[in-house]
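Generate the whole structure from the sequences, applying the supplied hints.
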Amino acid sequence: EAQVTQNPRYLITVTGKKLTVTCSQNMNHEYMSWYRQDPGLGLRQIYYSMNVEVTDKGDVPEGYKVSRKEKRNFPLILESPSPNQTSLYFCASSTGADHGYTFGSGTRLTVV
Amino acid sequence: GQQLNQSPQSMFIQEGEDVSMNCTSSSIFNTWLWYKQEPGEGPVLLIALYKAGELTSNGRLTAQFGITRKDSFLNISASIPSDVGIYFCAGPMGGGSNYKLTFGKGTLLTVNP
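As they're listed, the protein sequences go chains S and Y.
According to my numbering, the first sequence is numbered sequentially starting from 1.
According to my numbering, the second sequence is numbered sequentially starting from 1.
Be a bit skeptical, because a hint or two may be false.
As the list claims (entries may be wrong) - Computed footprint of chain Y on chain S, listed as stretches where at least three residues anywhere in the stretch have a Cβ under 8 Å from a Cβ of chain Y:
#, region
1, 28 to 41
2, 45 to 59
3, 99 to 109
Because the hints were derived from the structure by calculation, they are not lab data.
The C-beta atom is built at its ideal place from N, Cα and C for all residues, glycine as well.
What follows is the structure in structure tokens.
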């Protein structure tokens, strides 16, 4: 089944403790992206990647890192999480942004 | 950054009613996308529009790419309870190697059986 898989689905962590949210797609898509969703703010893009080793900042990149060492994987790294990073995170992939993204099921992160 | 203004923010309707929502931008878009998000899930693409004036249907859903290329509309006919969710418009900004997908803030649709 064609899908974007992200893990974990739920995560509660403490301020400052480094964490990684994994994302993998099995559709051989070139484009991958991370979004965060917050009430009243909709979906905001954190980072995106056009291909292996090619990444760029979205609208809200501060406090996040990404890497794209393989085509199928695009992990999101929070080096020192803070409470304002409590959010619902989505990974997505596409053959090109204008073809629309396929989204994962989300990771709900709580930073206390 | 570039923003998409989506309205209304929320709608509460009776089953069987038709629904209309729209999205506007201060800049021209070459593509308009409409997504639906159900509770606990990621957004799912409903309709993609690629040409000004284009009208595209997907079952009871119809979307239009505005002539000015700065707006788009989504209509749902004869709503049913499973239409409940958040509807997002989206469009790619930039060009060349700078493709990004920007989303509106969504329209929350509630359907009363």
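Hints violated by the structure (listed by number, smallest first): none
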